[in-house]
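Student: Sequence:
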Amino acid sequence: MDTLKRIIAVSIISMLPLGISHADAQSGNTLAVAKSFLEAAGSGNGAKLTELMSEDFVWHNEGDKRIPWIGPWKGQEDVMGKFMPAFGKGLTVTSWSTDYSFANADQAVFMGSMSAILNNTGVDTGKFTWAVRVHVEDDKVKSWNWMEDSYAVSKAYNDNTQANKATVETFYTLLSNPGSEEAVKAFSANTADNWVSVGNYSGKNKSKGAFLGQMGYFAKLIPDLNWNIEEMTHADDRVIVRGRATGTPTGPLFGVDGAGKSFDIMTIDVHTIENGKITKSHHVEDWAGALKQLKGK
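Each residue of the sequence shown is one higher than the one before, starting from 1 at the first, in full-length UniProt numbering.
EDC-like mimics (lysine to aspartate or glutamate), calculated; alpha carbons at most 16 Å apart, straight line:
1) K140 x E55
2) K297 x D286
3) K292 x D257
4) K280 x E169
5) K140 x D106
6) K48 x D139
7) K140 x E39
8) K35 x E137
9) K155 x D237
10) K277 x D236
11) K74 x E62
12) K140 x D56
13) K297 x D264
14) K140 x E51
15) K142 x E77
16) K220 x E181
17) K165 x E274
18) K220 x D257
19) K35 x D99
20) K127 x D149
21) K142 x D106
22) K142 x D78
What follows is a set of in silico ranges between Cβ atoms, one per label pair, in the way DEER data are often shown:
23) V109 x K65: 19 to 27 Å
24) N200 x I240: 15 to 23 Å
25) K35 x G81: 23 to 31 Å
26) T94 x K220: 47 to 55 Å
27) F128 x L212: 41 to 49 Å
Don't read these hints as lab results, they were simulated from the structure.
Ideal Cβ positions, reconstructed from N, Cα and C, are used throughout, including at glycine.
Build the full structure now, drawing on both the sequences and the hints.
Tutor: Written out as structure tokens, the structure reads:
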């Protein structure tokens, strides 16, 4: 019996190095294939990516579904024909590092950090971490499970702050240049056709056409009208502006003839933006203060 135990023990021990060697070889090959795939993805080598993909390849990348390249994407055709173009068009990588890599059997893992600029908004994500788990079979990548700080990407993708502010600025360019055809065109292009000006709670809002008519009147009445943006803040689909309006009417303003006097007043506006255009502008101006100044009080 002791002899039999020794034979079994020796047999098992003799098998262990072979098993470990096989596992190490598989892990090394898995890591090499996965690394080649990662490098091809980073360099945009589509031919190499296709060569390394299995026919039933799946690219997993969960996140904000409003981002056009969020998956999962199944099969070479969808990955190369839809995901890659959307990703390339939507994001520009500005920094990249692979800090850790390891493999076990048919699984490899890479971890690192990166930063990018979202092309639709021009917003930088800042540096964030990423990781990917890669499944390799028969020297082909079967799945690519990409994980990143999706909040950083989503926030940058959906941050329309700069675009919305630029849109709103056309409103004040028109106010300061009410007689300018160029300013009228820019305002018209950046406001919805059904845009309304809301100055009180009467429900009698001013249409786009009526507002432009008023601007034409102001161009003649207050040729030096200047409407400066003193402060601008952004919250979701709203842009709030604290403005400063100055001017010297050449005739009566709201029935008051300032006889050459000027006014300097504060204004507050809340603009609603949808699909890149202003749809509504709530506004309050200290016209009472302006009339007092014109009266010399």
